[in-house]
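Protein chains in written order, with our numbering: chain G, 1 to 300; chain F, 1 to 308.
Think of the hints as simulated: they come from the structure by calculation, not from any bench.
For glycine and all other residues, C-beta sits at the position ideal for the given N, C-alpha and C.
Hints may contain errors.
[Claimed, not checked] Using C-beta positions, here's what the derived DEER-type ranges look like:
hint: 1; chain 1: G; residue 1: F203; chain 2: F; residue 2: R211; range: 46 to 56 Å
hint: 2; chain 1: G; residue 1: S28; chain 2: F; residue 2: K213; range: 37 to 47 Å
hint: 3; chain 1: G; residue 1: L35; chain 2: F; residue 2: T85; range: 20 to 30 Å
hint: 4; chain 1: G; residue 1: G29; chain 2: F; residue 2: T85; range: 27 to 37 Å
hint: 5; chain 1: F; residue 1: Q87; chain 2: G; residue 2: L52; range: 46 to 56 Å
hint: 6; chain 1: G; residue 1: A73; chain 2: F; residue 2: D295; range: 57 to 67 Å
hint: 7; chain 1: F; residue 1: L68; chain 2: G; residue 2: A190; range: 20 to 30 Å
hint: 8; chain 1: G; residue 1: R31; chain 2: F; residue 2: S218; range: 24 to 34 Å
hint: 9; chain 1: G; residue 1: L53; chain 2: F; residue 2: A136; range: 54 to 64 Å
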Amino acid sequence: MAELAAVGHRQQLRRLQGRPPSLWRRLSGHRSALLGGSIVATLLVVALVGPLLTPHDPVAMSLKNRFLPPSLAHPFGTDDFGRDVFTRVIYGARISLQVGIIAVGIAGTLGSLVGLLTGYVGGWVDAAGQWLVDVLLAFPGLLLALAIIAVLGPGLPNVMVAVGIGSMPAYARLMRGQVLSLKHDEFVEAARVIGCSSSRILFVHMLPNTLSPIIVLASLGFAGAVLSAAALSFIGMGAQPPTPEWGAMLATGRESLRQEWWIATFPGIAIALTVLGFNLLGDGLRDALDPQGHTVRIGR
Amino acid sequence: MLQYLLKRLVSAILVIFGVTLLVFTMVRLVPGDPVDIMFANQPRPTPEQRAALRRQLGLDLPIHHQYLQFLGRALQGDLGRSFRTKQPVTSEIVARLPNTVKLTVASLSVAVLFGVGAGMLAAAFKGSWIDAATMAIAILGVSLPGFWLGLMLILLFAVQFGWFPVSGAATWRHLVLPAVTLGVLTSGILARMTRSSLLEELSHDYVRTARAKGLRESAVIARHALRNALIPVVTIVGLQLGQLLSGAFIIEAVFAYPGIGLLAVNALQARDFPLIQGIVLFVAVIYVVVNLVVDLLYCLIDPRVSYA
């Protein structure tokens, strides 16, 4: 009781002082962010300890076990080569996380660099950078990734690069906007006056202040990257057999959809849950990091 | 207004120029000699055949001449010939265009009907279980992999019930499942947008006035708030129109729907570079033009928007 009173007192004090609650506190009060966070955390655990959760090998074939329906021994059934679908879905989590991290890493790093430079330098550099971003944005949806795959050839590493470059313009545009809004702030002027170099101003002073929206975009972008990579694998441009990648597994299951529904169903649910988790987490982060949103929440 | 129009037009032309440059470079970046790629599945050409083909394709010219030649031909609608079918790329694309347009219109209708409807419902019952349920379905719609949803719809409505055909585009019944798949995915975005936009409008003074004079809530929403709330939704619809018209690649592949998307996927699988190059260029230009038109329409729809 005394603890509750103390917490209440602290919250009241915080409200009176106008100090915003911590990000964690704001996130923990956001139901969908909690749900998204839980899904993402489960995915991380599954990806990390995957091999401990199943006795089967994800690629070893067993022709006498072909097309077995879901049972206790094989909760998600087996596929056309007698491989346990549950095991393949579990191992697929690792691949999807890897794809998401690398694709978002490429998009975030390249895009942020372009946005930082064009926004800070201005002039013709900005004009050229914006033109490049506009040109890349002229390729809707998966088109840019498809074009890059056409050049690089099929394969999972190439898909990661293609999806990363394909999502880069959004980061560049967002970062440029952030830099433009901070460029004439007092702390940047102060850094300039005390003789900081441009690179120090950009990377030490401005970059940390621009990261909040980039983190939100990265979370939502992660969902998009997983979806795009699975889509590219589905049409045979990404992971190649026998890699247990969810999109490729769906493509295999498609051929026997009429009789063996389980082969395509479970990898699809895994993709949907992963994308949903990152979307919910991204939404929650956006609300938690949005100053307007936080005013509303403090008032509650 | 005229100044904005001109500025927007110049920027669109510059972007299209950039797109042509990128598409031209793309094919040149493919490892290997284009002549070898053309003869990938055929007997090796003789040196004479090789030289003749290089001349014919303009590969013996300096790179900037090759680009100008490519641009000149593209402006005349000549995007080369498909490696696979030997048909002109332009006629391959034009033959598939009506199917993609049909699918775009059908899926956008589904999306607007469900998306705007769900968004209105959620805003009208803000904070209730209806709001929570509608928004949960909307975020699920955004998160579902389209190709998986398509397969599940095939399994249920084509295989189990036999109501619709599995693939093809011969009749309107072939259009239903791909249109619903694409429509459901887009309606999630529209529902979220409509809800937030309508909630913002409902907090304005003119809505309070409408309520104060005794109007029913349904009339306040339908006659007053919705009109203004739909303006940002129009932008999203426009962007989605561009996306859908550009070929819903994967969904067309799932339903073997013979549109531009399926053509692109097949070209990619066969490494048919002239066709890939042509489709990418065509789709990007269409997308830029549709976005330009939407931007200009937006200007006409919302008199509050200033383009000074």
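Hint check, failures only: 3, 4, 7 and 9
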